[in-house]
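Participant: Chain residues, written in single-letter form:
Number of protein chains: 2
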Amino acid sequence: MSTREHTPALPNEREQQVLDRIDKARRRRPKVREERITLSHGSGGKATQTLVEAIFLDAFRNPLLEPLEDAAEFTINGARMALTTDSFVVSPLFFPGGDIGDLAVNGTVNDLAVSGATPLYLTAGFILEEGFEVADLTRIVDSMRRAAEIAGVQVVTGDTKVVQRGKADGCYINTAGVGVIERQGTLGIATAQPGDVVLVSGPIGEHGITIMLARGELDIDADLESDTAAVHGLVASLLDAVPGVRALRDATRGGVATILNEVAKAAEVAVVVDEKAVPVIDEVRGASELLGIDPLYVACEGRIVVVVDGDAAEDALEVMRRHPLGANAAVIGRIAQDPPGLVLLNTTFGGTRIVDLLVGDPLPRIC
Amino acid sequence: MSTREHTPALPNEREQQVLDRIDKARRRRPKVREERITLSHGSGGKATQTLVEAIFLDAFRNPLLEPLEDAAEFTINGARMALTTDSFVVSPLFFPGGDIGDLAVNGTVNDLAVSGATPLYLTAGFILEEGFEVADLTRIVDSMRRAAEIAGVQVVTGDTKVVQRGKADGCYINTAGVGVIERQGTLGIATAQPGDVVLVSGPIGEHGITIMLARGELDIDADLESDTAAVHGLVASLLDAVPGVRALRDATRGGVATILNEVAKAAEVAVVVDEKAVPVIDEVRGASELLGIDPLYVACEGRIVVVVDGDAAEDALEVMRRHPLGANAAVIGRIAQDPPGLVLLNTTFGGTRIVDLLVGDPLPRIC
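Quick mapping for you: the protein sequence lines, in order, are chains A and Y.
Numbering follows UniProt numbering, with no gaps: position 174 of the first sequence is 174.
Numbering follows UniProt numbering, with no gaps: position 171 of the second sequence is 171.
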């Protein structure tokens, strides 16, 4: 006799494959197969996910960490708060539109913002390489100051370490941030459901391509700037005006494609994206083609992905477009039932393909 | 006519020198004289202080940062909280008595504890070098897990970055921590006053000397272990039992001497230390002599310095000695009026000398 009370109808072969895959992923305790860390472990893609699940999640297992959202949420004496951290190792340190300093502030501000928190206080930890120019450090810190002012946050505590020449790359910065969650309800990618709509707040990939070009290794000249910006204002307008928002993410490392995969897996839904609808400026499209990278995987540092109740999608689009950072917002796809766990792209050529997590890392040290 | 209403009596020459020095330091906006970062900027000594004051404090100036305590304190919806951060770049990563993992947890737990906060939540940011062994990372994370369990904190959010070979040194970790302050009153080194007594919770310098010896560059064999430990329990016992505690610090980078200098400067008092009374185990004393380092400057990672009202000193000593981490606690000195801003050491040879901030960095990458 079967231990299962309900025997499901036999699925067709394709469905069975998908079901098997998900079931296997659930049962399998992931393992890092490599003996040594590779750059792809830092890509935000498949290798990063395995590393996080196999090593960090397994060791630190606790209910606050497990949702693997951009920030952890907790309550102290009735105050609902969010806590997040990010290290920044971008190379080069200075690039058109920004530097590691404003990136480090905006990145953490954005992680708090997309968790529905009002960003308040930041920490700043510097790892400096012996020989780093004090003038460059001053410039970076000044840029952090300006970014913090714009975002309305305060850097309240910090730390500086110095390592010998050849043991870092000029300057690495870690920021952690605390915010307060003042709105009711909980945002989370696991709440996405069929019928929901997916939006982005603007053209994608500008940050990542700017960094690649700033390295000067490629003979491409493009008039391009990083999109680094603090999205807390955009997020606040959206959440205040549109009650149907289910989840927000900033599309950094791994790009929009990675976020959509996380949504598909966390909510056990399909995400169906219309390639034509994804806003990409010509310079990014051109450079991406030359680099052989899909812009969907390229990091932004001031763009958000929004999952919203289908009925509220028009409102969300309108509210976002009214904000300077969302002027070119667009609906790019929708949530469907099947196949759960996958991101499907309806291509401009009329076909459909699966958009999977990145396996390698075509763009190391982008943030 | 003088703008000053009261003309002070002319001080003697020595007092005048000290007064001039303090006055100058107050008026001078500090400047980093070096064009490039040196290891001494990470020592915790004079160069670090100048860097922090000239670059970070100047840019981020705000009332929460300015006390330059180990953690910043703020209130959200009535909940009094502390936030702190530290990056860890210790070399080697594994050493007798611990590794970078428990060090990173204990360090941040301790910064919260000495601020009077109950440590609650930690973030963990990893910067890994391409080629780093996954087995070593697993060992480090496991050690963080155990340290977090002992300290009663949860690692609730994290981040992993990977940089190319030669751009880091295996593994750097940043931890930030949030704690809640449940006791009334404010601890702070600026509150130290003449008549107060200075204690340490145990023998000093074991961590720093252990690291130096673990590098294997010196032909010294000593049976020594790092003192890395979470002092939150010791601190809680002390604060619960002794209302006269004015300030607590964990004596990490720069050692006890650096802490005492910070007390002298913040409170504008003199700190008078009795060298004979400072607990130092034989192995640390021996190795320090061979290395030409004063144990007062050597980092501990599980020892606290306590400034307490003179009347409560005996109580404090007794309470600390009852705790396993304070079994060898000792009174090492007292706070005096003059000369303000200086630390004086009554040496075992009957002389008195000024214990200044470190100028160089004899022990780089100790934490």
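Note that these hints are calculated values from the structure, not bench results.
Treat each hint with caution, since some may be false.
Copies of the same chain are indistinguishable here, so a pair counts whether it falls within one copy or spans any two.
[What the hints assert, rightly or not] Below, computed lysine to aspartate or glutamate pairings styled on EDC-like, alpha-carbon distance capped at 16 Å:
1) K276 to D294
2) K167 to E130
3) K167 to E129
4) K276 to D136
5) K46 to E149
6) K31 to E133
7) K46 to D142
8) K265 to D356
9) K265 to D315
10) K265 to E130
11) K265 to E217
12) K276 to E149
13) K265 to E53
14) K276 to D221
15) K167 to E318
16) K31 to D136
Participant: Classify it for me, K265 with E130: is the Cα-Cα distance of at most 16 Å met within a copy, between copies, both or neither?
Facilitator: Classified as neither; 43 Å inside a copy, 28 Å across copies.
Participant: Taking 16 Å as the upper bound on the Cα-Cα distance, should K265 and D356 be classified as within, between, both, or neither?
Facilitator: within (11 Å within a copy, 58 Å between copies)
Participant: At most 16 Å between CA atoms: does that hold for K167 and E130 within a copy, between copies, both, or neither?
Facilitator: Classified as both: same-chain Cα gap 9 Å, cross-chain 12 Å, threshold 16 Å.
Participant: Within a copy, between copies, both or neither: which one fits K46 and E149 at a CA-CA cutoff of 16 Å?
Facilitator: neither (36 Å within a copy, 29 Å between copies)
Participant: Within, between, both or neither: how does the pair K46, D142 come out at a Cα-Cα threshold of 16 Å?
Facilitator: neither (36 Å within a copy, 22 Å between copies)
Participant: Check K276 against D294 for me: Cα-Cα at most 16 Å, and say if that holds within a copy, between copies, both or neither.
Facilitator: Classified as within: same-chain Cα gap 13 Å, cross-chain 69 Å, threshold 16 Å.
Participant: Cα distance capped at 16 Å. Does K265 pair with E53 within a copy, between copies, both, or neither?
Facilitator: within (14 Å within a copy, 47 Å between copies)
Participant: Between K31 and E133, at a C-alpha cutoff of 16 Å, which is it: within one copy, between copies, both, or neither?
Facilitator: For K31 and E133, only the inter-copy Cα distance (14 Å) is at most 16 Å; the intra-copy one is 41 Å.
Participant: How would you classify K167 and E129 at a CA-CA limit of 16 Å: within, between, both, or neither?
Facilitator: Intra 7 Å, inter 9 Å, cutoff 16 Å: intra and inter.
Participant: How would you label the pair K276, E149 (within, between, both, or neither) given a Cα cut-off of 16 Å?
Facilitator: neither (37 Å within a copy, 50 Å between copies)
Participant: Which holds for K31 with D136 at a C-alpha limit of 16 Å: within a copy, between copies, both or neither?
Facilitator: Only across copies: K31 and D136 sit 15 Å apart there, 41 Å inside one copy, limit 16 Å.
Participant: Under a CA distance limit of 16 Å, which applies to K276 and D221: within one copy, between copies, both, or neither?
Facilitator: neither (25 Å within a copy, 69 Å between copies)
In this structure, the hints that do not hold are numbers 4, 5, 7, 9, 10, 11, 12, 14, 15, in rising order.
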